[in-house]
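Chemist: Top line first, the protein sequences correspond to chains A and B. Per this note's numbering, residue 1 is the first one in the first sequence, and the count goes up by one each step. Per this note's numbering, residue 1 is the first one in the second sequence, and the count goes up by one each step.
Errors might be hidden in some of the hints.
[Unchecked claim] Here are the computed lysine to aspartate or glutamate pairs in the DMTMM-like style, where the Cα-Cα straight-line distance is at most 25 angstroms:
hint	chain 1	residue 1	chain 2	residue 2
1	A	Lys250	A	Asp10
2	A	Lys164	A	Glu7
3	B	Lys107	A	Glu268
4	A	Lys164	A	Asp31
5	A	Lys164	A	Asp16
6	A	Lys250	A	Asp278
7	B	Lys107	A	Glu76
8	B	Lys107	A	Asp18
9	B	Lys107	A	Glu77
10	A	Lys250	A	Asp161
11	A	Lys164	A	Asp263
12	A	Lys164	A	Asp18
None of these hints come from the bench; they were simulated from the model. Only a predicted model underlies this, so the values are computations on that prediction, with no experimental measurement involved.
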Amino acid sequence: MAPRPLEITDLLWSIDADGTPLAVPQAEVVDRLMALGQRRAARIVSAIPAADGVLDTGYVDALGFRVHCELQRLGEELQLARRVAALLSPIIEMVRLNSTGPVRIVDVGCGLGFVVRALAASSALGGDVELVGVDLNPLLVAEARRLAEREGLTCRFEQGDAFKPDLAIRDGARCIVISSGFVHHLPESGLAEFFAAQSWLGVAAFAHWDIAPCLWSTLGAWVFHYARMREPVSRHDGVLSARRAYPASKLQQAAQIGAPGYDIQVLEGSRWHPRALDVLRPIVGTRP
Amino acid sequence: MTAAIAAALLVLALLDGSFAGFRASVGRTGLINHRRSDYQAARRGAVLICVLLAPAIADVCAEVLVHPAQLGQYTRAGRAMLAVYGPYALLVLSALACYAFLNWRLKYLASALILGPFTLLRPLVVILGAALGVTLSTDAAVVTAVGLSVVAVLAVEPLAGRLWYARHRPRKHATTRRGAWLDRRR
Chain A
1 MAPRPLEITD LLWSIDADGT PLAVPQAEVV DRLMALGQRR AARIVSAIPA ADGVLDTGYV
61 DALGFRVHCE LQRLGEELQL ARRVAALLSP IIEMVRLNST GPVRIVDVGC GLGFVVRALA
121 ASSALGGDVE LVGVDLNPLL VAEARRLAER EGLTCRFEQG DAFKPDLAIR DGARCIVISS
181 GFVHHLPESG LAEFFAAQSW LGVAAFAHWD IAPCLWSTLG AWVFHYARMR EPVSRHDGVL
241 SARRAYPASK LQQAAQIGAP GYDIQVLEGS RWHPRALDVL RPIVGTRP
Chain B
1 MTAAIAAALL VLALLDGSFA GFRASVGRTG LINHRRSDYQ AARRGAVLIC VLLAPAIADV
61 CAEVLVHPAQ LGQYTRAGRA MLAVYGPYAL LVLSALACYA FLNWRLKYLA SALILGPFTL
121 LRPLVVILGA ALGVTLSTDA AVVTAVGLSV VAVLAVEPLA GRLWYARHRP RKHATTRRGA
181 WLDRRR
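Chain A on its own, in the form it takes in the complex:
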């Protein structure tokens, strides 16, 4: 099986186990991309300023912020927060019926925390729902906190690993773990472990939205990333996301291995014709 192509944003930061950012050698990133035949991506990375062969962290952080802002704009256009709210509302109702106390939504790999902040701004899920975003990248966590504070939103952000969501989860039975556009960043070998991390904590449910891979979504990703994005990195990674996304069968299989006690469904229809409404579709697991 051919190795999966790499997204540039997966290579621009290196975070150690303690969550501390490490220096990223430019040549190493370029070589990795060239080895996979990704010449354009290699050219984009070569153009990033570097000092002593190490990518300029100031530049990379600013670039990362811009890329995530552009991504947020696309999320707004995809009505992502409303999609999340529409799916989660009945699940939250179910959790409320089964026990008392606040319900917590934890968004893993939240980036700038767009979904969490948009849900907080709309109050669509109700006042008893706590909203927490988790991301490994300290820059994005800091920015998400700053943006939430600036708009006076009731939500919080933690730096942490999507494979260890326990830092944001106290009572699994009243917690729902979500993500959007995140799962395709995981290696295939890590998919089952990702679902298992949530299953071990006994979360009430999980729902992870990602692109449904097919010709139509690749075409749509190309059109939208070229029409809407300004940064070459955004355009490159956006189109590649559609190609890297996992098919429903693979997600379902991994979730069944990692979270065997859950009812699991990938909410998508036939991919043989354009399905503009569910270009981002969730894999949903609920405890029976």
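Let chain A serve as the given structure and place chain B on it in line with the hints.
Modeler: Showing chain B alone in chain A's frame:
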């Protein structure tokens, strides 16, 4: 008739300038509520297109004053441009109306099926309309005015980005201290 064509083209240019200004601004700050900055960006775009179109408008006015017989040439070119830009604008405005008034699922469809792809096609449509306009006129002055207009319309978005939103870009040789650029923005 000539006045109506000129007015229609000007209205379309103003609308396009507003949307171009909006596009230059959106997706820059990461804020959830950006309505105020969206309106401001649209106003900036409208002003910018007026400024950028000024040379073309001045050129047409001067030419028609000096050579009134040329008016027919401009009218023919304008009508041809309107034949391309009119339907495009109608579709985009209909999609925007859907986006503004329908529920979120249909909002998304308006964006996915019309607004996104049409943004991508926009430069081609601008050039196509202009090409059609100049093919109906052999007059150099008409070609110059149409050319200036095309440049003006296509320049709004990148120019607005540079003029008002370039502060969101880092310095070319940013400091290597992590987060320093972000500190400056605060």
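Chemist: It remains to establish, for every hint, whether it holds in the given structure.
Modeler: Evaluation of the provided hints:
{"no.": "1", "hint": "A/Lys250 with A/Asp10", "result": "holds, 21 angstroms"}
{"no.": "2", "hint": "A/Lys164 with A/Glu7", "result": "holds, 23 angstroms"}
{"no.": "3", "hint": "B/Lys107 with A/Glu268", "result": "holds, 20 angstroms"}
{"no.": "4", "hint": "A/Lys164 with A/Asp31", "result": "violated, 30 angstroms"}
{"no.": "5", "hint": "A/Lys164 with A/Asp16", "result": "holds, 14 angstroms"}
{"no.": "6", "hint": "A/Lys250 with A/Asp278", "result": "holds, 18 angstroms"}
{"no.": "7", "hint": "B/Lys107 with A/Glu76", "result": "holds, 11 angstroms"}
{"no.": "8", "hint": "B/Lys107 with A/Asp18", "result": "violated, 43 angstroms"}
{"no.": "9", "hint": "B/Lys107 with A/Glu77", "result": "holds, 8 angstroms"}
{"no.": "10", "hint": "A/Lys250 with A/Asp161", "result": "holds, 22 angstroms"}
{"no.": "11", "hint": "A/Lys164 with A/Asp263", "result": "holds, 22 angstroms"}
{"no.": "12", "hint": "A/Lys164 with A/Asp18", "result": "holds, 13 angstroms"}
Checked against the numbered hints listed earlier, the structure breaks hints 4, 8; every other hint is satisfied.
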